[in-house]
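Chains A and Y supply the protein sequences, listed in that same order. If you're matching positions, the first sequence starts at 1 in this note's numbering and goes up one per residue. If you're matching positions, the second sequence starts at 1001 in this note's numbering and goes up one per residue.
The hints are simulated quantities; they were obtained by calculation from the structure and are not laboratory data. Treat the numbers as computed from the prediction; the structure is a model and nothing was measured. Ideal placement from N, C-alpha and C gives every residue a C-beta, glycine not left out. Any given hint could be a false lead.
[Stated by the list, open to error] Simulated crosslink set (BS3-like; lysine-lysine; CA at most 30 Å straight-line):
id, chain 1, residue 1, chain 2, residue 2
1, Y, K1297, A, K85
2, Y, K1348, A, K85
3, Y, K1234, Y, K1300
4, Y, K1260, Y, K1300
5, Y, K1246, Y, K1087
6, Y, K1348, Y, K1377
[Stated by the list, open to error] On the chain A side, residues computed to face chain Y include the following (Cβ under 7 Å):
id, residue
7, I102
8, A201
9, N290
10, Y305
11, P308
Single-letter residue listing:
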Amino acid sequence: MAEFAYEPGDEAGPAPGESVQEVSGKSPWRLAGRRLARNRLALAALTLFVLIVVVSVGAPVYAHDIAHTHPFATNLEATTVIGGKRVAVIQQGGGALGIGEIPIGPTWHANYFIGADEQGRDVMARVLYGGRSSLEIGVGSALLCSGIASVLALLAGFFGRVVDAVLSRLMDLIWAFPVYLLAISLATVLLTLEHPFVDPASLWIPTIIIAFVYVPYVYRPVRGQVLSVREKEFVEAAVGLGASNVRLMFGEILPNVLPTVIVMLPLMIATTILTESALSFLSIGVQPPNASWGTIIDDGQDLLYTRPWVAIAPGIMIVLTVLSLNVLGDGVRDALDPRAKLRLKG
Amino acid sequence: MKRSMTRWAALVTVAALAAASAGTAAGKGSTRTSATARGASGGTLITLANAAPAGSPDPQVNYTLQEWQFLIITHDGLVGFAHSGGKLGTTIVPDLATTVPKPTDDGKTWTFTLRSGIKFSNGQTLTGKDVKATFERLFKIGDSPNAGAWYNAIEGGDACVKTPKTCDLSKGIVVKGNKVTFHLAVADPEFLDQLALPFAFILPANTPAHNLNIPPAGTGPYKWVEYAPNKEMKIVRNPYFHVWSKLAQPAGVPDTIVQKFGLSVESEVTQVEQNQADFIANSDQIPADRLNELSTKYPKLVHIETLTATFYFAFNTRIPPFNNLKARQAVNFATDRNALVKIYGGPKLNTPTCQVLPPGFPGYKPYCPYTIHPGTKWTAPDLTKARALVAASGTKGMVVKVNTDTTDADKALGTYFVGLLNSLGYKARPQFLSNSIQYAFIQNSKNKVPFAFSDWYQDYPAASDFLNILLGCGSFHPASNASPNIAEFCNKPIQAEMDHAETVGARSPSEANRIWAQVDHQVTDQAPWVAMFNPRQLNLVSSRVKDFTWSPQWYLLLDQVSIT
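Chain Y extracted, bound-state conformation (with noise of 0.2 Å):
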């Protein structure tokens, strides 16, 4: 997902990602890592952000991390993430089902045994029905992001993302008492995942099949009280809710928990260290000119987090300049990772990188072919070589447009490429556009942007979600505006490794990642992209916060923080 996590529109096109990788990988082998000796439960959380979560607040529909924090905490699915910080949190738990089941059938055949005695925050009991319910909601409701992406692998899911209101998935989900079984049209190693996502969260089956204005009832330790977009958004405890497993939905530790918005972030960022305020939403960047200020005078609010995202600059490689290789690669030497890192607010909250990958993401092994001297990690940029590569190309004295948001940062990266494009040789234009249509504009290849900033965010932990998501074959979709595969880039014997990399996946995720390795550095070799570095997460919480848990899949977790 992008870092605003507003653009979920590019998910929507990545139909042909439904087979994959390593997926649970990740979370093998590790402890647990969350919070010890908790403060006393109660009290209110007050968590600001500038903005509601963008879109509508469905659940089902929503794709912001800004809510998805909160829809974990009222409501679950056949199986999560481990609530859990450390790696631990990125494995796939039992939740509303006793056990993880294995798959049967080749991979197409998942049953799953509901848990007995839950209920829904409005007194319901969850049964099967309301898990097929949920599902054919998912289709009828219409917008759903990723129903055409992930969830139609379900037997019957076809039919139903063309004929929506009709939607039948009898065949696809049969309920027989406290089992469910999955049949799926093909076999998905990432279907767990997807299952641990808010999008399939469980919903009573009697919920109506259209856009909600606030999430409906859901089995969480919280249920939603109040979701105003110009105001804040509330949950407060679930009257319900009995904790069933402690690693996938442990009690929630606050009475309330409640997001206000509308405050600058400067503001906010004054609140926090007020105490007027809890936890600023990770969808809001504190600003540069702050954080001397909370590295002097407030270090103890401040938690720098490992993310797994990578900040890049996409060239399209279907028009010059950047059709050519070597001039791809050329930026790519020149380019001062370094300056970047300062300009994204210094070493300590980034990590300049070469290639796709994120460090510590299944399939990651480190590799810089574009620094003065090529293996594992920049150090340098190469100017002399790539003024070379820029004259064997012939692409000199041709125009550049850079596009970027108009966020101060992202501008900031963008002049910066101005200039070394400049010093290039290049006649480079600034082309800077409202955050609301950059990421919308860049992907339509209509607009021909050649040189564009963007970023990515793990939706989960499987390689395939960057390699294939961000630089696959078929997530370029020309003249779309859902258009993940800013590059325009194909490869057609790397698309092929892709595809064996995600068959492989199915029976040994271990040996996926590592044909997921080699296409990663063979996609850096390709220079698609120029990835520039990989962000850490700076929270900043009020000294009336106990307990700080880091799930790597969801970021802090909000039930689990104690308030003094």
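In isolation and in its complexed conformation, chain A is listed as follows (with noise of 0.2 Å):
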């Protein structure tokens, strides 16, 4: 399993290749924007995940408007006009059995533009419907793993001993369990949960599940900044000025470990994009008729044989918006804090 480790920079400075007086002088965000902006690749990978990004969200005008469809309705007797033919979206097999109904192929026509899945339905708005799940679950956990790690790390590096011990150790104790081994089983408890406050067609449930699992991932290179941000002179001046614990955790250390948690944000979505389609291909992530990339791929994978497509389209989409994101957090890494070390295990 891909996993992602953060070692952040000993002290700020200048990247290689620049000079001392070319960041003099100039806020660190400044400094960043402009590494960004001179990476081509990075710029390249940011515009191909906000193309993504996008086309994923226009999928209701291109279902409804373009393909003239509905993603989710099951359409096995249905029938669609290709070329001034009217023709079946569910074929019967051929050769003497006539045995084996096979989903229209790709027409590359508005309607079935890469064709059916075995429902009958149309795989390209399905594609793109299943990216707004899976983007929405992958940004919305990644969000939401950072923000719980980073408070958390902030707690435990702030305040220190019973409350570090506290959270650390239960860090490591998520930490033990494997990932995908912890996601699986939340998700069967959770989709198998009879109570009124859980609903599961949400997308909240493999949101909230993602995110968990991945917490002690941030919390330990964050909780490492804070242990080191707290020592700083800054924060003693301000303890010297009477400043309040929360005014000390959240406007002078956050501030300073917070580029910490962006340079990972992006690597942290691509993980949780993963994550995603992984559960949702063991049909545990998003449930039909909600669809994701992951979804998508299991439905493909009865028909890889006649409708290939139907597994490659959504693969396809995981491996750019995956890629994107990746050199993206290189590139975000190399603005921020080009000292850092970044990398993928496994």
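Taking the hints as your guide, dock the two standalone chains into a single complex.
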């Protein structure tokens, strides 16, 4: 399983290739913006990611106004017009035996552009809708995870002693479970739970589960940063001026560990999108009739020989999204913390 | 039995089904249609299965067709289903006994005469002691699935169920020379069917009374030499076998039959297409995306055979919204069975149905009230009527969990119903559970599953095997994982009809079948299920295979296949 590791650079300073004069007197955020703007690869990745987000957000427009289809409705008995001819969406198998019903393949027309799945649904429309779910869960869980982990890391690093010991052991406990095993267990329990507040169809369930299992992965580096920043002179100065604990944590320390969180965020999103896809592929993430890229790959599994596009199309979207986020993550790291080490493991 | 036939626990509970119905009537009047012009004997028949048969390999415990296809040619019962294709294959014929006896004492006493000169594959000679010991072992072993459901009808059987280790059937099975007499506590018209199943196949008296890792010696034309669950199971010729009845147990054709485990079904299909293997076990479902390829490139390798099975979704008739008859009928009217047939491979492989009993089964009389033109055949859904019934039921807007296992095609069925129920105004949610837990989960009333997928294949040809097991009051066991009446359906007047049919069956199978037909229609009217379709079995064999003989009871008769 791919995991990420982040080791922040020791001190702020010029990036390789930058002179001290270039950076002196400029705010870290401005410097980061300038470095990012110079990184063409990162900008290309950002453009690609934005494009994916835009087409996914525009899924209803595509389904309603271009493909004229309902991406979640079963169309097993439906027909469609391709090149002036009316054809069945699910076609009876040929050959001597006439067995095996085959969904319509790529038409390269507006309707059923890359074909239908085994329920007769437009795969292109579902891939775009699936992107909405995958991105919502991926971005949502990464933000949620980063937020929770940052607050816990602030508490642990700032107060130390018992608070640090309890929170760190709790994180160790979660860390001790294989990520997917823990996520699968939680998802299975929540999906079978009979409770008025738990709606199995809600995207919040996979979002919360994924956010929860990755909290320790963000908590650890951020806590390390908090421990380091807490000892800085400007924090001591603030203490000397009588700043409250809340002010110290959120006014002095948090802004200085935020770059660490931001550097990790793109890679976190990539990781959470992959996890969401895996859970949905196993039928314990996004629940039908909703779609995500993982559920569509699962749907396509049964059509690999006859209609491979059903599985390939969402696979390509996952690859492009994760690739763009990884490259963007490298760019953000180079911009914000050029001496840090950020890498994928496993 | 269930399709996967890994869920044998369901039947453990069906103790109420001792009496029954039409028994062997299906085979009457049929003709023998087994293979002709056999190829040369010898060679190795290589079969493939994704996994070893579920559960213990012990012949008195295992409840899978996958292993039974081997056990019927390594072992024999006192009687057996004719080793033949066509309807004859459902007929009970004498096997280790010389004749099929008529019961006396109001159906409670059955006397069999053993054939002489029959030896087990370990060289021991078959005697009456082996018969008695076999049935005592069936209880002593402790986990034989139907010990407490079928065989406890033998006098002393109930005591054996309570204290298996000290089981003594001296009163129930009396051996005098080559005569073996069974005394039953209650008359059981299905007793012969139950004797013809592998649980009752005769084992040597000295077989240990615990689960074995490989079936022990038997009397059939083959003997077991290997049972490695992660690799293969293998049988070879039994040197002590001689033919005593061609109809019950003919000589086998291949010298060796092996079943290899572990490949994906996709790979199995490729291997058979390329003659690297000869047959895919019926427990493995041919992937839908390979069907067209088989139809266009390899039609000669495909044999499509009729099955006596019904695929259905069961309503929970005791909890909202489907404790309301109108709601259940509404979903039945709305279901597009042609669409469901398409999901499962198309009309060549499945036939839409509205009722419980499958075509050709004892008591079957075509009936379909849930279609646009009610009558004997489903034609199209009636959505107008369905919507009116939902409105009249007052159940609109209620939450419904649609439960299936995670097999691709079954999930697709579930997805279809989620969409359908939503379109009828319910708030439907899917609940896909792993194949290994789904069946147990939906049987347990504590889980309150409102709408669940299941299927049923015959154990033997008797209407009670569907109607009483799946919808009888006695088959519902609250809070149990082994409660095959998933719908929790119990209709007292209909149950009285079932009990009447079972009583009548002891003297007149044809009269009993007439009653069972009424019961089938009455149950269908109460709509405890959405009966979807009756499947056909697609068999894929290599081009090396000749003499494909299809038994309606045992499916492909492996020993009758010749390899070129």
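Hints not upheld, ascending by number:
9 and 11
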